[in-house]
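*Asks:* Here is what each chain is made of, one letter per residue.
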Amino acid sequence: MKKNFKLIIITLLLILTLLPQACFSGSISSSELIKNAKEHDGKVVIYSGEAIGDVMVRGEFAWVNLSDGDNALGVWLSAELAKDIKFTGNYKTRGDNLEITGIFNRACLEHGGDLDIHAQKLRRISPGKEINQSLQPDKKNLSLILFGALFLIWILTLFRHK
Amino acid sequence: MILKPRLEDLKIIGFYLGKIILGLAFTMVIPILTGLFCKELNPALDFIIGIEISILLGLILLSVCRTDKDLNWMQGMIVVSLSWVVAMFLGAVPLYLSGHWKSFLDACFEAMSGFATTGLSLAQDLDHISYTHNLWRHFIMFLGGQGIVVIALSLFVRGFSGAFKMYIGEGRDEKIMPNVIHTSRFIWMVSIVYLVLGTLALGITGMFNGMKPFNSFFHGACIFMAAFDTGGFSPQSQNILYYHSFTYELVTIAIMVLGAFNFRLHYHLWMGNRKEIFKNIETRSFFIAVIITFSIIAIGLRQLGSYPSAFILFRKGFYQLVSAHTTTGFSTVYSPQFLSDWNPLALIGLILAMALGGCVCSTTGGIKMLRIGIIFKAIKEDVKKIIMPEKAVFNEKFHHMKEVFLNDKLVRGALIISLFYIILYILGALIGMFFGNPFMESLFESTSAAANIGLSCGITGPAMPAALKITYIIQMWAGRLEFMSVFTILGFLYATIKGR
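Residue numbers (our numbering), protein chains in the order written: chain A, 1 to 162; chain B, 163 to 662.
Treat the hints as calculated values from the structure; they're not laboratory data. A virtual CB, placed ideally from N, CA and C, is assigned to each residue, including glycine. Just to be clear, a hint being listed does not mean it is correct.
Each computed SDA-like pair below joins lysine to any residue, with the alpha-carbon atoms no more than 20 Å apart [said to hold, decoys possible]:
| # | chain 1 | residue 1 | chain 2 | residue 2 |
| --- | --- | --- | --- | --- |
| 1 | A | K35 | B | K264 |
| 2 | B | K542 | B | L586 |
| 3 | A | K86 | B | N377 |
| 4 | B | K374 | A | I85 |
| 5 | A | K129 | B | D287 |
| 6 | A | K139 | B | K264 |
Calculated Cβ distances over 12 Å to all of chain B for the following chain A residues [as the list claims (entries may be wrong)]:
| # | residue |
| --- | --- |
| 7 | S48 |
| 8 | D70 |
| 9 | L150 |
Bound conformation, chain A alone:
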C-alpha cells in the first residue's frame, strides 16, 4: 500500500511538471507560426528570438520585433515589460535573446490584421552585446592594390594623351 502511494505521488509530480511543457510544446518557430497560423490562432504560445531594430513605445504598450533567424515576428507587450530589453539587434549589436509567452494572432483584430503575439510574459534567455568591428586586413590590402592599379592606369592615360 505504501509502495503504491509512493508510485502515485511520483506519477503526479511528473505529470504536474511535464504538463505545462506538453501544452506549450516548448518554443515554437516563426516558420511554423506563419505556415500553420490557423492552427495556432488565439492560443498561448512560447516564442523566442533576438530583439531587433527599435523598441517602439506606443503609450502604455510597445512593439518589439523578435527574429528567430528565419523570420521576425511583431510582439505587442506592455511598456513596463519592454523596459527589460537592453539591447536590440543591428549591425553593431547583437540583441537580447528573449522568450515570450503570449497569445498568437493570425490576423489581429486590434492591430489591423497583422500576424502578431500579445505577450504576457517576457524572459531574457541571454543578454545582447556589442559586436567588435575591427578593420579586415584582406579588404584593406585589396583596396590598396586597386588604388595602385588605378594610379598606374591614370599615369598611362596621361602619357597616352601627351
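Using the hints provided, position chain B relative to the given structure of chain A.
*Replies:* Leaving out everything else, chain B in the frame of chain A:
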C-alpha cells in the same frame, strides 16, 4: 545580308559604356560617406573597393575605346542594355563583400533587383546589415528608377544626339522638355524634391511610432526611395510589417501612387494644370484597373474568410493591391500568407494588377496603363465600326497630355509590347514549374520579377536553384528595359556570329 559589327562599333559602344560606368562609380561616394559618418569602416571599405573597380574599368574603356563619334540607334540601344548588366556586376561587388549574400550570383540578383526597381531579395540576416549597405540597396533603386543612363545624361553628357537614343533605350519614350538632357535633369529635380518631402513625412511618422530619431529618418529616406521608385526593398526583413503602423501604410500608399504616375503628369501638376490628372487616359485607366482588381481580390478574400472584419480585409487587400499595381512590392503580410490566407481568385486579382503596372515614363514596370488604355480604345473603335452604319466615319481619340487620334501604329506598338510582357510572364512561370513549383506560385513569382514588382509567395530565396535566379535576373532586366534594347543586343550578338 547581315553585316558583322565593325571594330568601330565596338569602340563607340565601349567609350560610352565607360562614361556611364564612371557615372555609376561616382554614385558610390554616397555610401562611402554614410559608412564614415556611421563609423562603419568595413562597409565603407567594401564601397571603396567597389568604386576603385568601377573607375578602373571605366578608365580602361575610355582609354582603349577613345572616339569622337556619336552613337547610332543600334549602338545607343546596346550601350543601354550593357550598362544595366555592368551596373549589376559593379553594384553587386560591395554587397557581396559584406558577407550578407551567399554567393556573388545572389549579390548580382540583389543588385539587378535594386536597379530594375523590383524588390525581390536574397539577402541573409538583413536585420544586422550595416546602414551603409542598406542605403546602397535603396539608393540603387533611386538610381535605377530614374534610369542609369539618365544619371549619366544629367551629369556627364553635354549634349549630343546619341543621348536621345540612350534615353529611349532605357524604356522611356516621352520627352518632358524639348531636350532629353533637360528632361533628365527635370526627372532628377522632381525626384529630389519628393525625396526631401517624403523623408520628412516618413521620418516624423517613424518618430511618432516610437522609433529613434536617426533610425526614423534613415528608414524614412530608404522607404521613400523604395516607394517612389516603386522598388519595394525595405531596411528590415519584415518589410512594412516592421513598423506596425496604419499611418506609415497610408503615407507609403501616397508615395507609391505618386511614383506610379508619368513624369510628364508631374510636370503638368507642377505647372498648375491639375485637370490633366482627371483627363489623362493613363490615370483614368489606372484608377479603373485598381477598382476592378481590388474587387476581384476583395471577393476572393471574402470567400475564404481570411480576415475577421471588413476594415481589415480592406486594409490588407488594398495595401497589397496598390503595392502590386504600382509595381512597388511592399508587403504587410508574410510571403507564405499569400498561399494560406489568399485564395486563387484573390491571387489572380493580385497577379493581374502586377501584370498591368503603372504609367509610362514613370519608375513602374509591367505592361503599363497607356498601352492598356490604347488597346481598349482600339477595341471600342472596332466595336463601333460593327455597330454603326457602314458609311459612318469616325476617329477614336484619347487624352494624354494633349488630344491624340488613335491610329494603327499606336495600337500596334501597344499590342506588341503587351504581347512581349505576357510571353515573358508565361516563360518565367514555365521555368518555375520546371523546377517543381506549382503553377500559381510560379506565375506569381514570374510576373513579380518580369513586371519589376518584388512581392513573393515564397519561391524566391537564397536556396532556390541558380538557373531560376538567372531566369529572374533576365526577366527583371528585360522587363525594365521594355525589350527593345534587349532585342538589339541579341541581334548584335547574332550579327557578330553570322554576319559577313
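*Asks:* Does each hint fit the structure? Answer for all of them.
*Replies:* Here is what the structure says about each hint:
no.: 1; hint: A/K35 x B/K264; result: violated, 25 Å
no.: 2; hint: B/K542 x B/L586; result: violated, 27 Å
no.: 3; hint: A/K86 x B/N377; result: holds, 17 Å
no.: 4; hint: B/K374 x A/I85; result: holds, 15 Å
no.: 5; hint: A/K129 x B/D287; result: holds, 17 Å
no.: 6; hint: A/K139 x B/K264; result: holds, 18 Å
no.: 7; hint: S48; result: holds, 16 Å
no.: 8; hint: D70; result: violated, 9 Å
no.: 9; hint: L150; result: violated, 5 Å
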